[in-house]
Amino acid sequence: MSDADLTQKKRRTVWWLSFLVLGMFGFGFALVPLYDLLCQVTGIQSVNIRSTGSANAPYAANLKGVNESRFITIKFDASVHPNLPWEFAPVVRNLRVNPGKQYQVNFSAHNRSSSEVTGQAIPSVAPWQATGHLNKLECFCFNQQTLAGGESVEMPLRFMISPDLPKEISSLTLSYSLMKMEKPVVVQDKAKG
Amino acid sequence: MSYTTAINDDAHHHHNPTGWRRWLFSTNHKDIGTLYLLFALSMLFMGGASAMLIRAELFQPGIQLLDPDLYNNLVTNHALLMIFGAVMPAAAGLANWMIPLMIGAPDMALPRMNNLSFWILPAAGTMLILSFVVPFFPGGGSQINTGWTLYPPLSVQVGMSMDFLIFAIHLLGISSVLASINIIVTLLNMRAPGMTLMKMPMFCWTWLVTAFLLILVVPVLAGGVTMLLFDRHFGTSFFDAAGGGDPVLFQHLFWFFGHPEVYVLLLPSIGVLSHVIPTFSRKPLFGYKSMVGAMIAVATIGMVVWAHHQYTIGMSLGAVSYFMIGTIIISIPVGLMIFNFIATMWRGAMTFETPMLFAVAIIMMFTFGGLSGVMLAVVPADMQYHDSMFVVAHFHYVLMPGAVFGLFAGVFYWLPKWTGHMYDEKLAKIFFWVNVIGFNLTFFPQHFLGLAGMPRRIIDYNVMFTEFNVVSSIGAMIFGFSHLLLLYIVIKTIRGGEKATAQVWEGAKGLEWEVPSPPPFHTWETPPSIKQEQQ
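Residue numbers (this note's numbering), protein chains in the order written: chain A, 1 to 193; chain B, 1 to 535.
Any given hint could be a false lead.
[What the hints assert, rightly or not] Distance condition first, Cα-Cα at most 25 Å in a straight line; then the derived SDA-like pairs of lysine to any residue:
no. : chain 1 : residue 1 : chain 2 : residue 2
1   : B       : Lys429    : B       : Tyr488
2   : A       : Lys10     : B       : Asn189
3   : A       : Lys10     : B       : Leu116
4   : A       : Lys9      : B       : Tyr488
5   : B       : Lys199    : B       : Gly335
[What the hints assert, rightly or not] Partial list, derived from the structure: chain A residues whose beta carbon lies under 8 Å from chain B:
no. : residue
6   : Val21
7   : Phe25
8   : Leu95
9   : Glu154
10  : Ser175
[What the hints assert, rightly or not] Each pair of labels, with its calculated beta carbon distance range:
no. : chain 1 : residue 1 : chain 2 : residue 2 : range
11  : B       : Ile63     : A       : Gly26     : 39 to 47 Å
12  : B       : Trp433    : A       : Leu37     : 30 to 38 Å
13  : A       : Gly26     : B       : Leu38     : 23 to 31 Å
If you're looking for bench data, these hints aren't it; they were derived computationally from the structure. All C-beta atoms in this analysis are idealised placements derived from N, C-alpha and C, irrespective of residue type, glycine included.
Work out the full structure: start from the sequences and follow the hints.
As structure tokens, then:
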């Protein structure tokens, strides 16, 4: 094999390996949209799925009617990110509910600082298997919340637990993490579901 | 077994720079290999020092020496220095030294890129050390208390030291991708005439697979930490839940790299074992083809089981079952490799020089680590073991024998070839025993600590865990200081000693043993021709 041939062969190998490297770098970024897709297919509870509620429509569950004989304890929990100068807590911490019935609870929020601050609540449900069965009809977590300095508000949450909730679950916790939005995004509207 | 040996000792028509220029501008695979190994050795001591500080702190319950953030920064540093600073460069050093000698090539395919991929490393190492040093200065921000996994949201909140670390990871990634490209190009194009892929020495095969793994996964990590950088400074929210991102996405990106990385660390050592065991058993390697197949199987399956590091994030039953079964399946090809090694030793005329001692120790202790790995792969059990000291014990049992002892075996095996002197066998055996006993004393009690519920990455612990932690810390000091003996043996061997023959070991076979010890500056300028099947 002549030197020129060898150089040619080496060059070809280097080229396709370089494309492989670039391709994998791109794949890393492609995972961002792919991840949400994958979560929906495999049932991993991504934040997006959790905050927009479940895919199954509440109306379908409504048709099954209220199950008066079954009681589920739902606990509310809230935590505030350290950089957000808010107080935030559920007004009611425990509630015994019937599946299929609509309830409304309030969360109270208070801006301790003197300037306007925007926050975003991210929900999560434990046990996670119940996530798809907790239908939020109206939730402050669907939108960002802006509070003027010193302002206090009560933020409503209307929800219904689907009668399809697995039998072994008798108690669930809905927990909100409240985070500060450094630069409030206008386009990001989470009220899709 | 016969080769037409053609060693050209005419280094005269090449201009060889001397002094520091020889190293800084080097394009010679042997010099660059030496540089890689020396860099790895220095990082081994730095990573080891952070580990010793960790164990000194854990000697007793309560907080004695360090504060919690500093402790966690040391945990981060220990992992990154050992993985990216010590093990990967050491393996790359062995590859640089041995691959051209083994395949009968005059040098690596891309010598200038080889120089670049090494000299990026000291820069990256400096960035890594700066990330540790910066918080000690006023305005330096907080320490990196995330561990090497760098999970957001914590990693988004850490001070500017995280930016140093992100760029260090970028540089380390570029270095290892360049080295991998170089190795693949060399192996695919520069083998001696007659050496088909399936006649290639096993060490070359393991590096071919390792290099492909690196090329496939390192860019994904680079993408992940780039997103982290953007989240920190440019207002994106890839991982910021408030802006519609998901912190768990980072875990997927990280472990998509992180799990194959385990095999990146392991495979070169498997390659070393595939030479050491046949040499000292005086038998050819049992099941060459099945070894190659098993290795490719491990690498392929290893690419698609990363989420077993994240069972607790709340995946569906289907998803965790898939990751569990996939993970357990990996133990089949790995088991096959182990059985091949045992079959190689079976009825061989075995002698136990230091490389062979390490090899036998690896087979026993790596298998043990593999077994606790199967325990961790089982989802319901892992829910309890997750983030406990059991995990720490498990991965040290896999990575110390699987990666580091394999490199030690390789260093002792090839040191006479590199330096032309035999190392001090008596001292080396003392090093082996102190090292292995120290290792087991350190990490075996951590299994019990983990099962009893001691969490990892926490500076303090419950008083009930004291006894095992004392044993573990004493073991760690023995283990840590034993490496000074390694340093002494290596320096002593470089400076002099009994002259080594070209073949060095009685049972050694392969092209690298055809050149004199130490090999001249240029070797195989006329490629040898392979007349008979190797091994």
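We went through each hint and held it up to the structure:
no.: 1; hint: B:Lys429 / B:Tyr488; verdict: 13 Å, holds
no.: 2; hint: A:Lys10 / B:Asn189; verdict: 6 Å, holds
no.: 3; hint: A:Lys10 / B:Leu116; verdict: 18 Å, holds
no.: 4; hint: A:Lys9 / B:Tyr488; verdict: 44 Å, violated
no.: 5; hint: B:Lys199 / B:Gly335; verdict: 23 Å, holds
no.: 6; hint: Val21; verdict: 5 Å, holds
no.: 7; hint: Phe25; verdict: 4 Å, holds
no.: 8; hint: Leu95; verdict: 23 Å, violated
no.: 9; hint: Glu154; verdict: 21 Å, violated
no.: 10; hint: Ser175; verdict: 13 Å, violated
no.: 11; hint: B:Ile63 / A:Gly26: 39 to 47 Å; verdict: 46 Å, holds
no.: 12; hint: B:Trp433 / A:Leu37: 30 to 38 Å; verdict: 54 Å, violated
no.: 13; hint: A:Gly26 / B:Leu38: 23 to 31 Å; verdict: 36 Å, violated
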